[in-house]
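Protein sequence lines correspond, in order, to chains G and B.
With this note's numbering, the residue at position 213 of the first sequence is 213, and numbering never jumps.
Each number in this note's numbering comes from the position in the second sequence (counting from 1) with 338 added on.
What the hints contain is simulated information worked out from the structure, not anything from laboratory work.
The model shown is predicted, which means the values in this text are computed figures rather than measured ones.
Just so you know, not all the hints are guaranteed correct.
Heads up, simulated DSS-like pairs for lysine-lysine below, C-alpha to C-alpha not over 27 angstroms straight-line [as the list claims (entries may be wrong)]:
1) G:K165 to B:K591
2) B:K562 to G:K165
3) B:K591 to G:K293
4) B:K409 to B:K503
5) G:K253 to B:K591
Number of protein chains: 2
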Amino acid sequence: MDNIKAYAAMEPGGTLEPFTYDPGPLAPDHVEIDVIASGLCHSDISMLDNAWGISRFPLVGGHEVTGRISKRGEAVTHLDIGQVVGLGWISQSCAHCQTCTGGDQHHCQSIRPTIAGRHGGFANKVRAQAMWALPLPDGLDPKTAGPLFCGGITVFSPIYELGLKPTDRLAVIGIGGLGHLALKFGRAWGCDVTAFTSTIDKTDSLLELGAHHVVNSRDKEAIKALRGQFDMVISTVNVNLPWHNYIAALAPKGRLVQVGIPHEPMSVRAGSLIAGQKSIYGSDTGSPATLMKMLEFCARHNITPEIESFAMSDINAAIARLKSGQARYRIVLTSDEP
Amino acid sequence: MDNIKAYAAMEPGGTLEPFTYDPGPLAPDHVEIDVIASGLCHSDISMLDNAWGISRFPLVGGHEVTGRISKRGEAVTHLDIGQVVGLGWISQSCAHCQTCTGGDQHHCQSIRPTIAGRHGGFANKVRAQAMWALPLPDGLDPKTAGPLFCGGITVFSPIYELGLKPTDRLAVIGIGGLGHLALKFGRAWGCDVTAFTSTIDKTDSLLELGAHHVVNSRDKEAIKALRGQFDMVISTVNVNLPWHNYIAALAPKGRLVQVGIPHEPMSVRAGSLIAGQKSIYGSDTGSPATLMKMLEFCARHNITPEIESFAMSDINAAIARLKSGQARYRIVLTSDEP
Chain G
1 MDNIKAYAAM EPGGTLEPFT YDPGPLAPDH VEIDVIASGL CHSDISMLDN
51 AWGISRFPLV GGHEVTGRIS KRGEAVTHLD IGQVVGLGWI SQSCAHCQTC
101 TGGDQHHCQS IRPTIAGRHG GFANKVRAQA MWALPLPDGL DPKTAGPLFC
151 GGITVFSPIY ELGLKPTDRL AVIGIGGLGH LALKFGRAWG CDVTAFTSTI
201 DKTDSLLELG AHHVVNSRDK EAIKALRGQF DMVISTVNVN LPWHNYIAAL
251 APKGRLVQVG IPHEPMSVRA GSLIAGQKSI YGSDTGSPAT LMKMLEFCAR
301 HNITPEIESF AMSDINAAIA RLKSGQARYR IVLTSDEP
Chain B
339 MDNIKAYAAM EPGGTLEPFT YDPGPLAPDH VEIDVIASGL CHSDISMLDN
389 AWGISRFPLV GGHEVTGRIS KRGEAVTHLD IGQVVGLGWI SQSCAHCQTC
439 TGGDQHHCQS IRPTIAGRHG GFANKVRAQA MWALPLPDGL DPKTAGPLFC
489 GGITVFSPIY ELGLKPTDRL AVIGIGGLGH LALKFGRAWG CDVTAFTSTI
539 DKTDSLLELG AHHVVNSRDK EAIKALRGQF DMVISTVNVN LPWHNYIAAL
589 APKGRLVQVG IPHEPMSVRA GSLIAGQKSI YGSDTGSPAT LMKMLEFCAR
639 HNITPEIESF AMSDINAAIA RLKSGQARYR IVLTSDEP
């Protein structure tokens, strides 16, 4: 049995250290993946800090993984040894409940997140149920594609599942790891795209990423002037904003999609939703089928995450860089065993 | 020119008094309707009290009207003199903007509500743009059908427009003028229907109205036990409830629809929406096309409002009855000139 060489925090908030573990026998419906690269997501930090109270230590983060199939369980026939796949937030679902068989496997009551109660992709290998190891289409580079599997799907899923139309106006609040991909998706989708950012000096690069318009998210008057404009607003930020202004900026039937989680509850006036049949929608990740649709779309439109690359052995420096808020726009760790 | 004989409040909160006004020339795209009956809605009280700050006095309420076409403007050809029609919250829209031509006339920026800045159906006659005077199908009684045009459409619209499926589970919070119709719609729609009520002694009548299950809305433990159950929850109440419990009671992709307007903002945890792709949706009224779909559906399924009937000359007694909270379930005023 080959042990897996990973980087783990031994306690909440701890520095990551080399950590070796025995993954045990490979389940029949699982695969083992030789990691090529692994994106670094804010959710990794939340888990490493046990911010959500669900972490178990030693904790190996990493849930935006690309790699090659190195082993497959005896029930797995549709993936080949050596095939390049990606793995995101979820590593396992029951595959037989009504939710799973209906195609909403990401809402299965028995899902196993990749880094909760099991070990993730900050390692030379990672395992997952074969259903969640999605083949990377030709044209996507495994060194950069990892962030699609969490950051990407998080913003692609509402665009796809809520039926955003190419004739619609899309706005994105907060242009980081998730937001910059939302701009790229919205542009390729055919929409008019507005970026709301508090870092207005990023304007030129946001226009390059796909935004048609850039608005200072701290300028309340500018937001008020956009009354009735947007069919969808995706918020990626983790703080409460003056939501009534953003709801007012929605067109009739417009949707405010929350993919960030403010620590405090949102304050929402029901009347502001009722006039115009507006809604506030929450979205987390996506199903395998939606992930595959996203990957095809990215390959067709040359959509790749903008990344800063670190060696996995420099993981603690990478985390410090992420925490600085300066990363443009996603950090990806490259395996020590390329 | 025939004057119109109405009942008006002369000041906010004032007793209604007989009031005669000259409606002026009939616009070419408008009709005049001889009122048969007019439902009494909580929104009439809000307008009579100027609770929303948009009332103009003298104020003639009444926006759940049935009656017969008595005059038609020169451009109106699709309605006949003597034809029975109904009129709801909206009496006019611009008919040429993108929203109107797209079929969402109720979201037109230029809508004229029936009782704001013009006079409503607590009168012997009322006028409206012909588009908003919807023919009553055979089988619906104009003496009872009025409440469909505001209370009814308010709860029908989300069921219809959000694509509730007959296989879905629907819950309704607050069983009054709107809620009792939501139960009837949900039952005829084919759904499993749950009524949440604070008046648990109504249980037998709620089961008769269409509910399969009745739950005490003040029993937090009972609500918690319904975790993950409902595809749609329609709240008709005007107070804040422990929304997190109702959001937890939604199935994945479930929708909490607000048609009541609590005075205070709702407190909503974004994370509770994100896990399971849930949403909070606001809905007010419906388009002419949706109103027609509702009327057809009501005729097919014998859905009629449960009413208490008052003579229009007893309007002040009817208002007192409405304010008592005892009306089962909607009050309808019958014209003094039947």
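Is K409 of chain B close enough to K503 of chain B, meaning Cα to Cα at most 27 angstroms?
With Cα atoms ~41 angstroms apart, K409 of chain B and K503 of chain B exceed 27 angstroms; violated.
Does the alpha-carbon distance linking K562 of chain B and K165 of chain G stay inside the 27 angstroms limit?
Violated - the C-alpha atoms of K165 of chain G and K562 of chain B are around 37 angstroms apart, more than 27 angstroms.
Taken at face value, is the distance from the CA of K591 of chain B to the CA of K165 of chain G at most 27 angstroms?
The hint holds at about 20 angstroms.
Given the hinted pair K253 of chain G and K591 of chain B, is their alpha-carbon gap at most 27 angstroms?
Between K253 of chain G and K591 of chain B the Cα gap is close to 17 angstroms, so the pair holds against 27 angstroms.
Given the hint that K591 of chain B pairs with K293 of chain G, does the C-alpha gap stay at or below 27 angstroms?
holds (19 angstroms)
Going down the numbered hints, you'll see the structure goes against 2 and 4, while the others check out.
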